[in-house]
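Once you've looked at the hints, dock chain W against the given chain E.
The chain contents come next:
Protein chains: 2
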Amino acid sequence: MSPKSASSALDKLKLVLPDLDKRELVVPGLDKRRGVLPEVDRRTFLFSAAAALAPALKADSTPDLKPVFTEIEKRHAEYLRLIQDWIRQPTIAAENKGINEGTELMMRMLREIGCQQVIKCPTDLHPGVFATLDAGAPKTLAVYIMYDVKQVDPSEWSSPPFTPTLADKPGLGKVLVGRGAVNSKGPEGAFLAAVHALRSSSRKPPVNLVFVCESEEEIGSPHIQQVVRRPDVTAALQKCMGVLTPSATQALDGTVTMSLGAKGVVELELVSTGEKWGRGPKLDVHSSNKARLDSPAWHLVEALASLVSPDGNTILVDHYLDKVRPVSAAEKAMIDEAAKRQDEALLKKQLGVQHWVHDVSFRESLELLCSQPTINIEGLVGGYTGPGGKTILPHRAVAKMDLRLVPDMTASDALAKLKAHLAAKGFGDIEVNMTGGYDPTSTSPDSLPVRVESAIYKRNGIDPIVWPRQAGSWPGYVFTGEPLKLPAVHFGLGHGNGAHAPDEYYLIESDNPKIQGLNGAVRSHVELLYELAA
Amino acid sequence: MSPKSASSALDKLKLVLPDLDKRELVVPGLDKRRGVLPEVDRRTFLFSAAAALAPALKADSTPDLKPVFTEIEKRHAEYLRLIQDWIRQPTIAAENKGINEGTELMMRMLREIGCQQVIKCPTDLHPGVFATLDAGAPKTLAVYIMYDVKQVDPSEWSSPPFTPTLADKPGLGKVLVGRGAVNSKGPEGAFLAAVHALRSSSRKPPVNLVFVCESEEEIGSPHIQQVVRRPDVTAALQKCMGVLTPSATQALDGTVTMSLGAKGVVELELVSTGEKWGRGPKLDVHSSNKARLDSPAWHLVEALASLVSPDGNTILVDHYLDKVRPVSAAEKAMIDEAAKRQDEALLKKQLGVQHWVHDVSFRESLELLCSQPTINIEGLVGGYTGPGGKTILPHRAVAKMDLRLVPDMTASDALAKLKAHLAAKGFGDIEVNMTGGYDPTSTSPDSLPVRVESAIYKRNGIDPIVWPRQAGSWPGYVFTGEPLKLPAVHFGLGHGNGAHAPDEYYLIESDNPKIQGLNGAVRSHVELLYELAA
Numbered sequence: 000m001s002p003k004s005a006s007s008a009l010d011k012l013k014l015v016l017p018d019l020d021k022r023e024l025v026v027p028g029l030d031k032r033r034g035v036l037p038e039v040d041r042r043t044f045l046f047s048a049a050a051a052l053a054p055a056l057k058a059d060s061t062p063d064l065k066p067v068f069t070e071i072e073k074r075h076a077e078y079l080r081l082i083q084d085w086i087r088q089p090t091i092a093a094e095n096k097g098i099n100e101g102t103e104l105m106m107r108m109l110r111e112i113g114c115q116q117v118i119k120c121p122t123d124l125h126p127g128v129f130a131t132l133d134a135g136a137p138k139t140l141a142v143y144i145m146y147d148v149k150q151v152d153p154s155e156w157s158s159p160p161f162t163p164t165l166a167d168k169p170g171l172g173k174v175l176v177g178r179g180a181v182n183s184k185g186p187e188g189a190f191l192a193a194v195h196a197l198r199s200s201s202r203k204p205p206v207n208l209v210f211v212c213e214s215e216e217e218i219g220s221p222h223i224q225q226v227v228r229r230p231d232v233t234a235a236l237q238k239c240m241g242v243l244t245p246s247a248t249q250a251l252d253g254t255v256t257m258s259l260g261a262k263g264v265v266e267l268e269l270v271s272t273g274e275k276w277g278r279g280p281k282l283d284v285h286s287s288n289k290a291r292l293d294s295p296a297w298h299l300v301e302a303l304a305s306l307v308s309p310d311g312n313t314i315l316v317d318h319y320l321d322k323v324r325p326v327s328a329a330e331k332a333m334i335d336e337a338a339k340r341q342d343e344a345l346l347k348k349q350l351g352v353q354h355w356v357h358d359v360s361f362r363e364s365l366e367l368l369c370s371q372p373t374i375n376i377e378g379l380v381g382g383y384t385g386p387g388g389k390t391i392l393p394h395r396a397v398a399k400m401d402l403r404l405v406p407d408m409t410a411s412d413a414l415a416k417l418k419a420h421l422a423a424k425g426f427g428d429i430e431v432n433m434t435g436g437y438d439p440t441s442t443s444p445d446s447l448p449v450r451v452e453s454a455i456y457k458r459n460g461i462d463p464i465v466w467p468r469q470a471g472s473w474p475g476y477v478f479t480g481e482p483l484k485l486p487a488v489h490f491g492l493g494h495g496n497g498a499h500a501p502d503e504y505y506l507i508e509s510d511n512p513k514i515q516g517l518n519g520a521v522r523s524h525v526e527l528l529y530e531l532a533a
Numbered sequence: 000m001s002p003k004s005a006s007s008a009l010d011k012l013k014l015v016l017p018d019l020d021k022r023e024l025v026v027p028g029l030d031k032r033r034g035v036l037p038e039v040d041r042r043t044f045l046f047s048a049a050a051a052l053a054p055a056l057k058a059d060s061t062p063d064l065k066p067v068f069t070e071i072e073k074r075h076a077e078y079l080r081l082i083q084d085w086i087r088q089p090t091i092a093a094e095n096k097g098i099n100e101g102t103e104l105m106m107r108m109l110r111e112i113g114c115q116q117v118i119k120c121p122t123d124l125h126p127g128v129f130a131t132l133d134a135g136a137p138k139t140l141a142v143y144i145m146y147d148v149k150q151v152d153p154s155e156w157s158s159p160p161f162t163p164t165l166a167d168k169p170g171l172g173k174v175l176v177g178r179g180a181v182n183s184k185g186p187e188g189a190f191l192a193a194v195h196a197l198r199s200s201s202r203k204p205p206v207n208l209v210f211v212c213e214s215e216e217e218i219g220s221p222h223i224q225q226v227v228r229r230p231d232v233t234a235a236l237q238k239c240m241g242v243l244t245p246s247a248t249q250a251l252d253g254t255v256t257m258s259l260g261a262k263g264v265v266e267l268e269l270v271s272t273g274e275k276w277g278r279g280p281k282l283d284v285h286s287s288n289k290a291r292l293d294s295p296a297w298h299l300v301e302a303l304a305s306l307v308s309p310d311g312n313t314i315l316v317d318h319y320l321d322k323v324r325p326v327s328a329a330e331k332a333m334i335d336e337a338a339k340r341q342d343e344a345l346l347k348k349q350l351g352v353q354h355w356v357h358d359v360s361f362r363e364s365l366e367l368l369c370s371q372p373t374i375n376i377e378g379l380v381g382g383y384t385g386p387g388g389k390t391i392l393p394h395r396a397v398a399k400m401d402l403r404l405v406p407d408m409t410a411s412d413a414l415a416k417l418k419a420h421l422a423a424k425g426f427g428d429i430e431v432n433m434t435g436g437y438d439p440t441s442t443s444p445d446s447l448p449v450r451v452e453s454a455i456y457k458r459n460g461i462d463p464i465v466w467p468r469q470a471g472s473w474p475g476y477v478f479t480g481e482p483l484k485l486p487a488v489h490f491g492l493g494h495g496n497g498a499h500a501p502d503e504y505y506l507i508e509s510d511n512p513k514i515q516g517l518n519g520a521v522r523s524h525v526e527l528l529y530e531l532a533a
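Taken in order, these protein sequences are the chains called E and W.
Counting in numbering that gives the first Met the number 0, the first sequence runs from 0 upward without gaps.
Counting in numbering that gives the first Met the number 0, the second sequence runs from 0 upward without gaps.
In isolation and in its complexed conformation, chain E is listed as follows (with noise of 0.2 angstroms):
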C-alpha cells in the first residue's frame, strides 16, 4: 500500500493512547524483622508494624499534606522493600505459576493498608481479590489492581528477573529491576504505600476504597467478568466516582500521556493439524512424504495469509472493520497535539524501527496506533524447532494471536467474523482456541476523576498529552461498560520501561528534576486521593 493509499484508509479507522499497557499490583514483600501477630494470619507483617499498630485513625481531612510528605520520605526505604518484596513472588497466569502466593499476599496487603474486608474470590481458573476500605468518607474510589506478571525468559535480562535488583541508569537515577517492576508492582506499591502513610500519619483516607484485583491479566483476564458481577462487588462498585489503575506515567522527559479509553484485546491461537483436517498426516511423517501428502503446516500459512495484505498490514477479514467508529474531530485534535509534543527520532530508536508502517508520517502512525484495530502473530510454532533441521512432515502447528480491538468492535464479534473467515476461505477446520480477552473501553474527558488527574498533573507542572485511547489492553470495559458505566483513569507520577520485555524496571530515585521516584509516585496519589474527596 503506498503511503496515500494508508493515508486515506486512516480516515476509516480510529486512534488510541500510547502505550501505558497493563499494570499489575500485588505486594509479596515479607518483613522477617517484625513480629507475627495473631489476626494477620501466621505470617509477619508486609508493612512496618509501627504502621498497623498506629493509633486509632482520626478523621481527618485537611489538606495540609506535609505531614503525609514527611511520612513518605521517612517510609521511603519501607515501601522500595514492600516492591522488592512482591517481585520476588511472581504470579504467572500463563504458566499457572504462584498463584496461590499471590492471591495470599495481595489479600495481606490489602488488610495491612486498612481493608477491613477482604475476600478471595474464586473464578473457572485463577481467582481475584475483592476489597473495602471504609474510611467513612462521603465518596468511594475504586482501585483495579492486576497482582500477576508477564512471562520471562531469564537468559535475557541482566539480573534474574525474579530478583528485585538497584542499579544506576544514567541520565535517569536509580532503577529497580525485576519482572513487574513498572507492570505493575512499583506503581501499584506506590498507590498501597500512600493509603499506607495516610494511616502512619493516623489520617484515614479522605474517600472510602473499594479494590478489584486479579490474576489473569496477562492472560487476557478471562474470568475478570466472574470477579467484577459478583452481586457484593457489583453493589461497592455502583457507589463509586471512577476506577483507578495506578500507573507510571511520566515518559523519559517528565511529559505525561492520560489516556481516554484503551483498545480491546482477543488473545488465541490457531491450530491446524492433521487430525481435525483430515488431510496431511496424524503423526509426524518423513518429509519425503509431501509429494504425496498434504501438509499442516502449510495449511496454517495460507490461513494466516488469508488474513492479511501480502504487506502483513491491511485486515482482510470479511466485515472485521465494519464496526469501526470514525475518528472524531476532538481525538484528531488529540493527535495532532501528541504528534507536536512527542519525539518520533527518540520513540523509533527506543523501538529499534526506521519506518512506521506504509511509510506514513509520525501523526498518521499516531492516528493508526490509536484508531486501527489489528492482527498480530505473537509466536510460531510448528513442527521440528530445535537446532539445524529434520526432515519431517509435520502433523500439527500452531499460531499465536492476538487482535486489538477499538470501538465499536467487540471481542466476540472480532472472535465470530474470524471464524467466519476462515470457515469461509476453507480453512474452518483450524481451530481457533481463544485463551483472554475483552472489549474497548472508553471514558469521557469531562469526567472528574479525568478532570481531577489533569489538574495535579498541571499543579506539578506537567501539561498531560490527552490521548484517545491506549493501544494496548486492560479489560477497563467491565467497570466502563454497561451495567457500571464508571469512568476509568491511569494515574500516578513516575516513570519505568519495559513492561513484557527483559530488564523491566521502575525509576525509584530520580535524578532528573522532571521526573518522579518514587517518593513523588506516592505523594502523587496522596494529592489524587484528597483532590476526588474535595
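Please keep in mind that the hints were generated in silico from the structure rather than gathered at the bench.
Treat the numbers as computed from the prediction; the structure is a model and nothing was measured.
Glycine included, each C-beta is placed from N, C-alpha and C at the ideal position.
Errors might be hidden in some of the hints.
[Stated by the list, open to error] Beta-carbon label-pair distances, calculated as ranges:
no., chain 1, residue 1, chain 2, residue 2, range
1, E, Lys339, W, Asp123, 53 to 61 angstroms
2, W, Gly385, E, Leu165, 25 to 33 angstroms
3, W, Gly425, E, Leu346, 22 to 30 angstroms
Relative to the frame of chain E, chain W by itself:
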C-alpha cells in the same frame, strides 16, 4: 486443484521409489570383556578376539557359503551386541554431538574387519572416514556408510533412544529399538558382520572393498564432496564396479523395493528479521505496536505463501519445474506394477492419512512420490513459543524447509531459483541459509550391481519391485554423477522402521518366514559379495 488438473500436472513430472531414505553405518560397540591389543589403539576389540586372532587369511573364492552361514549363526549374539554398542554412541551432526567418538569408533571397526588403510578425512565441519580392504581380488566394491543419526526427542520414545532395547513386536519378532537401529546402524552393522564372518571363517572377501563414510548425512551431507573428491579417495573409487549402501529393504510383508535412484535435497532456513528487512522492530516489542509497525513474522508468512498454491501443494516458484524430466514409459510401467503390489490401505494406516494430495488415486500418489519436487515446511519458530500467549511483536521468525529435487534439477539451481523468486516478490531481505543438500542420483537398471541384487532377491524367493527413484534422499550424486559415474544400490535383506521417528527399530529375530532378521541380513551381504565377484 481438482483431481483432474492434478492428474494432468503429473504428466510433467517424474517418479521415484518408496522411502528407503537415509541409512547409516557405524559400529560404536566396545566389548569390555576382550583383551587390549596394541595395534588397535588403546581400546578393546569390537568384534570377537577369536576373529581378530584368526589365522592368516587364505584365498577362497568357492561359493560354498555354508561354513560362513554357520559362522554367522554362531556369532549372532556378537553381531547383535555390535549394533547395540553402536547405538549407545550417537553421532549427531546437527547438535555437534559425539562426532569424535563416532569417528574413532568407525575407524576401529573398519580396522577390525580387515581394512589395511583407514584414514580420517577432515572437512570444513565434521570429518569423514576413508578405508580400503585389499583382498587381492580382481574386482572392487565401494561401500557408502553414514555414521551419524537423526536428533531425538526422548519424551516421545517408549525406551531411551540411546539405550538399545530388545522388544517383542507381535507378528514380527524380536526387534532392537534405538535411534539409528534401521537408519542405519542395524543394516550397516549387518554388512560389517558379513565381512567379519568371512574373516572368522578364514576367508578373504571375494572382492576388494573401499569404504567412504560420513558423519553429516542427517544435515544434508554438506561436505561429502570434500571426502569423495580427495585424490586418494577418487583414485580408489575409480577402480570400483559400483557403490553399495547397506539397507533393510524388506517391508512388513517381506517385499523388497529396489530403487534406481533418489531425489536430491536442499535443507535451508528462511529467516525474516526487522534488522535485515529494514522494516519492523530490531527487537521484540509490545504487540500493540502492530498498528504502526511492520511485522517480520507476517513478512515470513507472506513469503512462504508466495511459494506454493493455496492448498500448499503446487510449487509457484518461477521456472522451478523447468528441468523436471518427464516420467518415462519404463518408469510408468514400474509405477503401475508397484501400485498393484502395494497395499494402499495399510500404507495410509501407517502414515495416519485418509487422502493423498489432490485426492489422487494410489497409482497417481506413487507417481507424484517418484516424480514431483517438493517444498516442505519442517518447522516454524518465531516470537513467543512457550505455553499460552505473550503479547509481543517478534522481530524474527524462521521457517525450516526442505526441498526435494528430481532429475535434472540440481541443488544449486533450485536454491538460486528460490532466492530469485523471493527477491522478485519483495522478500529479497529474507535470509536463505542452506545448511546442506545435494543433487538427485540415478542408476541404470542394466548395471551389474542392480542385476546382481535382483538375482539374490529372487534366489531368496522375493520378486523385487523395481522403483524409479526413492522419495527420500542420499548423496549418491557424488558417486553416480561426473566424474565417477558409478552405479549405486541400496541392498540388504531385513526389516526395520521409524527412521527419523520415535521407537525406531531393526528386526533381529523374525517370526515371519518372509522377513529376514539379523542373520538373514548378514547372509544376504555374503551372497552379494560372492555374486559380484563371480
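For each hint, the structure was consulted:
With their beta carbons about 57 angstroms apart, Lys339(E) and Asp123(W) fall inside the hinted range of 53 to 61 angstroms. A hinted range of 25 to 33 angstroms holds for the C-beta pair Gly385(W) and Leu165(E), which are about 29 angstroms apart. In this structure the hint that Gly425(W) and Leu346(E) lie 22 to 30 angstroms apart at CB holds, the actual value being about 26 angstroms.
Of the numbered hints listed earlier, not one is contradicted by the structure.
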